Amino acid sequence: TTKEERKRAMRVESGQVQSVNVSNIVKRKANEERRLVEMTIPKKQKRLYDKIKFSQKKKRQEVDKLKRKRADYENNTIQDVTNDKKKLMKLS
56 TTKEERKRAM
66 RVESGQVQSV
76 NVSNIVKRKA
86 NEERRLVEMT
96 IPKKQKRLYD
106 KIKFSQKKKR
116 QEVDKLKRKR
126 ADYENNTIQD
136 VTNDKKKLMK
146 LS
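Adding 55 to a residue's 1-based position in the sequence shown gives its number in our numbering.
I should point out that these hints are in silico values taken from the structure, not numbers from a laboratory. Remember, predicted model here, so these are calculated numbers, not experimental data. Don't take each hint at face value.
[What the hints assert, rightly or not] Taking lysine-lysine and the DSBU-like style, the derived pairs with C-alpha atoms no more than 30 Å apart in a straight line are:
{"#": "1", "residue 1": "Lys113", "residue 2": "Lys84"}
{"#": "2", "residue 1": "Lys84", "residue 2": "Lys112"}
{"#": "3", "residue 1": "Lys82", "residue 2": "Lys112"}
{"#": "4", "residue 1": "Lys112", "residue 2": "Lys124"}
{"#": "5", "residue 1": "Lys122", "residue 2": "Lys112"}
{"#": "6", "residue 1": "Lys98", "residue 2": "Lys82"}
{"#": "7", "residue 1": "Lys99", "residue 2": "Lys114"}
{"#": "8", "residue 1": "Lys124", "residue 2": "Lys113"}
{"#": "9", "residue 1": "Lys106", "residue 2": "Lys122"}
{"#": "10", "residue 1": "Lys112", "residue 2": "Lys98"}
{"#": "11", "residue 1": "Lys98", "residue 2": "Lys108"}
{"#": "12", "residue 1": "Lys122", "residue 2": "Lys141"}
{"#": "13", "residue 1": "Lys140", "residue 2": "Lys124"}
{"#": "14", "residue 1": "Lys113", "residue 2": "Lys101"}
{"#": "15", "residue 1": "Lys106", "residue 2": "Lys120"}
{"#": "16", "residue 1": "Lys120", "residue 2": "Lys82"}
[As the list claims (entries may be wrong)] Restraint ranges, calculated between C-beta atoms of paired labels, are given here:
{"#": "17", "residue 1": "Asn138", "residue 2": "Val81", "range": "43 to 53 Å"}
{"#": "18", "residue 1": "Lys98", "residue 2": "Thr137", "range": "54 to 64 Å"}
{"#": "19", "residue 1": "Leu103", "residue 2": "Met65", "range": "57 to 67 Å"}
{"#": "20", "residue 1": "Ser78", "residue 2": "Lys101", "range": "22 to 32 Å"}
Positions of the beta carbon are idealized from the N, C-alpha and C atoms, including for glycine.
All chains should be built: construct the whole structure from the sequences, respecting the hints.
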């Protein structure tokens, strides 16, 4: 670990160009604008706004939960039907 070895280890490497994802930039900017607008809402109206957003979030979560349940149910019924067919094939 002499000075010469450290000098050899230190070198400048060429950088890589980062790809710019325009959709992420647009989304980030829209979120920031929305957040700034929310900050300007008076306190009394902000409480109502928060309640509305909360209820929308709960409804969205419930819908997602039901969609997952339906997908699980449909996958299980398809597997049950194929298993029943296999059992019938073995019996015949």
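So, going through the hints one by one against the coordinates:
1. Taken as a hint, the Lys113 and Lys84 pair is honoured in the structure, with Cα atoms around 25 Å apart against an allowance of 30 Å.
2. Taking the CA atoms of Lys84 and Lys112, the gap is near 22 Å; set against the 30 Å cutoff, the hint holds.
3. For the proposed pair Lys82 and Lys112, the alpha carbon gap of about 19 Å is at most 30 Å, so the pair holds.
4. Between the alpha carbons of Lys112 and Lys124 the distance comes to roughly 18 Å, so the proposed pair stays at or under 30 Å and holds.
5. Annotation: proposed proximity of Lys122 to Lys112 holds, straight-line Cα distance about 15 Å (limit 30 Å).
6. Proposed proximity of Lys98 and Lys82 is supported: the alpha carbons are some 26 Å apart, at most 30 Å.
7. Distance hint between Lys99 and Lys114 is fulfilled; the C-alpha atoms sit about 24 Å from each other, no more than 30 Å.
8. At most 30 Å may separate the alpha-carbon atoms for a hinted pair to count; Lys124 and Lys113 meet this at roughly 16 Å.
9. A distance of roughly 24 Å separates the Cα atoms of Lys106 and Lys122; the hinted pair therefore holds under the 30 Å criterion.
10. A distance of roughly 21 Å separates the Cα atoms of Lys112 and Lys98; the hinted pair therefore holds under the 30 Å criterion.
11. Of the pairs offered as hints, the one joining Lys98 and Lys108 holds, with about 15 Å between alpha carbons and a cut-off of 30 Å not exceeded.
12. Among the hinted pairs, Lys122 with Lys141 is consistent with the structure: their alpha-carbon atoms are about 29 Å apart, no more than 30 Å.
13. A C-alpha spacing of about 24 Å is found between Lys140 and Lys124, which places the hinted pair at or below 30 Å, so the restraint holds.
14. Between Lys113 and Lys101 the CA atoms are separated by roughly 18 Å; this keeps the pair inside 30 Å, and the hint holds.
15. As the CA atoms of Lys106 and Lys120 are separated by approximately 21 Å, the hinted pair is consistent with the 30 Å bound.
16. Distance check on the hinted pair: Lys120 and Lys82 sit about 26 Å apart at the alpha-carbon level, within 30 Å; holds.
17. For the pair Asn138 and Val81, the beta carbons lie near 48 Å from each other, so the given range of 43 to 53 Å is met.
18. Taking the beta carbon of each, Lys98 and Thr137 are about 59 Å apart, inside 54 to 64 Å as hinted.
19. Look at Leu103 against Met65: about 60 Å separates their beta carbons, and that is inside 57 to 67 Å.
20. At roughly 29 Å, the beta carbons of Ser78 and Lys101 sit within the given window of 22 to 32 Å.
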